[in-house]
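A.B. asks: So the protein lines, in turn, are chains A and B. Numbering of the first sequence is given in my numbering, commencing with residue 1 and proceeding in unit increments. Numbering of the second sequence is given in my numbering, commencing with residue 1 and proceeding in unit increments.
Simulated from the structure, these hints should not be mistaken for lab results. Hints are not guaranteed to be accurate.
Note that identical chains are pooled: a pair holds if it fits in a single copy or bridges any two copies.
Unchecked claim - The list that follows gives simulated cross-link-like pairs (lysine-lysine, DSSO-like), each with its CA atoms no further than 27 Å apart:
hint, residue 1, residue 2
1, LYS210, LYS30
2, LYS210, LYS127
3, LYS344, LYS324
4, LYS127, LYS281
5, LYS361, LYS281
Each chain, letter by letter, is given below.
Number of protein chains: 2
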Amino acid sequence: MIELQNITTSDLETYHSSLSRKYQDIQNKKLNLDMSRGKPCKEQLDLSNGLLESLDSSDYRSANGTDCRNYGILDGLPELKALCAELLEVQTQEVIVGGNSSLTQMYDLIAKMLLHRLPDSDTPWCKLSKIKFLCPSPGYDRHFAISANFGIEMIPIDYHSDGPDMDTIERLVANDPEIKGIWCVPKYSNPTGITYSDNVVTRLAKMSAKAPDFTIFWDNAYIVHHLDSTHPKLLNILTACREANHPNRVFIFSSTSKISFPGSGIAMLASSEANISWLKKLMSVQSIGPDKINQLRHLRFFKNIAGIEAHMERHAAILSPKFKIVLNILQDNFANDHTISWSKPHGGYFISLDTPPGCAKKVVAKAKAAGVVLTPAGASFPYGNDPEDRNIRIAPTMPSLAELQQAMELLVLCIKLVSAEEELAKRQTAS
Amino acid sequence: MIELQNITTSDLETYHSSLSRKYQDIQNKKLNLDMSRGKPCKEQLDLSNGLLESLDSSDYRSANGTDCRNYGILDGLPELKALCAELLEVQTQEVIVGGNSSLTQMYDLIAKMLLHRLPDSDTPWCKLSKIKFLCPSPGYDRHFAISANFGIEMIPIDYHSDGPDMDTIERLVANDPEIKGIWCVPKYSNPTGITYSDNVVTRLAKMSAKAPDFTIFWDNAYIVHHLDSTHPKLLNILTACREANHPNRVFIFSSTSKISFPGSGIAMLASSEANISWLKKLMSVQSIGPDKINQLRHLRFFKNIAGIEAHMERHAAILSPKFKIVLNILQDNFANDHTISWSKPHGGYFISLDTPPGCAKKVVAKAKAAGVVLTPAGASFPYGNDPEDRNIRIAPTMPSLAELQQAMELLVLCIKLVSAEEELAKRQTAS
Chain A
1 MIELQNITTS
11 DLETYHSSLS
21 RKYQDIQNKK
31 LNLDMSRGKP
41 CKEQLDLSNG
51 LLESLDSSDY
61 RSANGTDCRN
71 YGILDGLPEL
81 KALCAELLEV
91 QTQEVIVGGN
101 SSLTQMYDLI
111 AKMLLHRLPD
121 SDTPWCKLSK
131 IKFLCPSPGY
141 DRHFAISANF
151 GIEMIPIDYH
161 SDGPDMDTIE
171 RLVANDPEIK
181 GIWCVPKYSN
191 PTGITYSDNV
201 VTRLAKMSAK
211 APDFTIFWDN
221 AYIVHHLDST
231 HPKLLNILTA
241 CREANHPNRV
251 FIFSSTSKIS
261 FPGSGIAMLA
271 SSEANISWLK
281 KLMSVQSIGP
291 DKINQLRHLR
301 FFKNIAGIEA
311 HMERHAAILS
321 PKFKIVLNIL
331 QDNFANDHTI
341 SWSKPHGGYF
351 ISLDTPPGCA
361 KKVVAKAKAA
371 GVVLTPAGAS
381 FPYGNDPEDR
391 NIRIAPTMPS
401 LAELQQAMEL
411 LVLCIKLVSA
421 EEELAKRQTA
431 S
Chain B
1 MIELQNITTS
11 DLETYHSSLS
21 RKYQDIQNKK
31 LNLDMSRGKP
41 CKEQLDLSNG
51 LLESLDSSDY
61 RSANGTDCRN
71 YGILDGLPEL
81 KALCAELLEV
91 QTQEVIVGGN
101 SSLTQMYDLI
111 AKMLLHRLPD
121 SDTPWCKLSK
131 IKFLCPSPGY
141 DRHFAISANF
151 GIEMIPIDYH
161 SDGPDMDTIE
171 RLVANDPEIK
181 GIWCVPKYSN
191 PTGITYSDNV
201 VTRLAKMSAK
211 APDFTIFWDN
221 AYIVHHLDST
231 HPKLLNILTA
241 CREANHPNRV
251 FIFSSTSKIS
261 FPGSGIAMLA
271 SSEANISWLK
281 KLMSVQSIGP
291 DKINQLRHLR
301 FFKNIAGIEA
311 HMERHAAILS
321 PKFKIVLNIL
331 QDNFANDHTI
341 SWSKPHGGYF
351 ISLDTPPGCA
361 KKVVAKAKAA
371 GVVLTPAGAS
381 FPYGNDPEDR
391 NIRIAPTMPS
401 LAELQQAMEL
411 LVLCIKLVSA
421 EEELAKRQTA
431 S
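Next up, chain A with everything else stripped away, as it sits in the complex (with noise of 0.2 Å):
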């Protein structure tokens, strides 16, 4: 590693022609490769190709006899909010199991939110003047983007090693009555890699919220997504909310769409028995009821929690050597250097990188002119803002061994190119 702050400028300078000439052999070779979203390779799909032909002519009944085909049942066939339940460690009768999408149950919850009054709620949402929900980052852009569209403020909130920053949740959530919601991604973190701790969860169910009906957004989207038999175990918040005497404050939401297929899995939510009740009264005007067929397809093809666990280890199988390509890459280039640094998970889609601050932007943009797109550079965070402009979220899923050898090359040379510049002009400024 070249400290760069203790080198020449005349070798500075060699040092960056090097790189340049580097960058543009890459250039030349014209690359052409998407990493900007946690998207599973077709290898992975192709582990579920079951699903296709899990049933035929003479197979679309439930266990209790319910034709499928037809209309009805709003929270999702009873053997699979059973299958459900058990992986998200609730009750039967605190889950519903939707269409293809937690995306869109998140989102179509918080609508529900602004017009209509949660059992804990003095007034729908959209009747007070602001309301405000906290962001720990760098978190999951489609949350943040969810916030925006609906004109809700956002907070970001640090994280620790172990979770979010509680001393800042807890102050500002036990003062603001405006601050009405938090999202997690409480497992293998979008994009962090982090599983919380069980001092987060416990305090996160016990503060005091000024609002009666401070919510938490809890997408354990990452529930069985391990890359190795490290299985970090996340508490029970469901519990540790009605333990904590605030029975219902969060919503959890998962889905197959990394387990089965992305486009056509299965979206579950649990929550208090209230809330369930609650969703369930207003979803009966919105719907007749899930893709049943589809629910019946999963439960054929995964049958029970040991079959998701045993198809999981098959996506850790494809997954893991990816996510040793970049962590070996980033090794061999960057251990000694304190100005990077990165996640090493133990499941979920992402790496989160962070470049010596003022950095990422460029470094993004210099990845994209040399073909390979990744996640904007400050995606992460509310309003797209970074406010260090140095993290990068890394998705390894979707290219093959090969080409995130050459992205990955690639990503390291932007990051040496665009810290040698900076060092460049930060002399030229100086001089």
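Given the coordinates of chain A, assemble chain B onto it according to the supplied hints.
C.D. replies: Just chain B now, kept in the frame of chain A:
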């Protein structure tokens, strides 16, 4: 037919006793039949069983090579959009193909109109102190349930033989800025069976509206759901609105719910390009895309419009005898009774029956007490309030021919029994 007013009280009492005995006999049979909703029967569902097997492990790509198993394509597969556009007689870019429920599309659209600003709106509707929808009645109870859910005031509008009362509609809409919408089932209307005339469609498109964002919710649910070869032609309202210089006035909805599988079909909507663009921008926050695998399944199964039309003839072959049983029994019993009338639809899912005023609730209650559940009396009117208490919606699709015969005999008996009871009560009051 017995004219109750013209027989002696003694004869009336004998007649009533005879009806009561027959009713008791049917009660003893302990029927158990639910005719409350327009649900397809098993034989109809079987017509689409090919959908359960229309894809396999080697067939999951759309025409342009898109892997339908993965994320993406917010507005639906291009070739399905093209097919739906042909069905709706609009341009492909005027269509969004969604999930399994057009009801959900309608609900979602109104939620968006409440929380956001339509292209022609001054303000999101939730910021207004009151909004109103016109509700041609009898109509679809789930439309009215959506309005009620969102606190939208409903104004009932009478039906003429060629559609809703346009004189009243034009007068109200021209003068009241709080009237923001109208619910229409323009073809084989639920439950009247009426198809709107060209004159009605043209007047809806042309009329002056005080609200610049007055919107027609055009639920073309029965677009190809013919019962015979009459096939009344419905004028294209999107074209009519564009020609009338109100291009953004209408949203058209339809679905395959009663073509393929009610729980697992494809919903679609169409509107002006400006409205579609507005809606897609908002949808991009709500969803990453619909279930494209299910869309591909429908493409493989139906292939094209001719495939859909041939399929609908097979539905008609199942349904037409059921409608004939209902119509024949009504004709046999009430042909000369000017106090009782009913629709003779060429398509759709219902027969709309008008009993003598003040009898519908009692008839439905008596049928229920004898084991046949009909749609609750009044359900087809805003607030469940049939001002004359005379309309009953008959849904003949679900029962078998034998069950339908039994149910209709019971319904006829209940009408006669309630009529006799009413006449007896009248005489007791008078004496």
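A.B. asks: Does each hint fit the structure? Answer for all of them.
C.D. replies: Results of checking the hints against the structure:
no. : hint               : in the structure
1   : LYS210 with LYS30  : neither (55 Å within a copy, 57 Å between copies)
2   : LYS210 with LYS127 : both (18 Å within a copy, 26 Å between copies)
3   : LYS344 with LYS324 : within (9 Å within a copy, 70 Å between copies)
4   : LYS127 with LYS281 : both (21 Å within a copy, 24 Å between copies)
5   : LYS361 with LYS281 : between (46 Å within a copy, 25 Å between copies)
Checked against the numbered hints given earlier, the structure breaks only hint 1 and satisfies all the rest.
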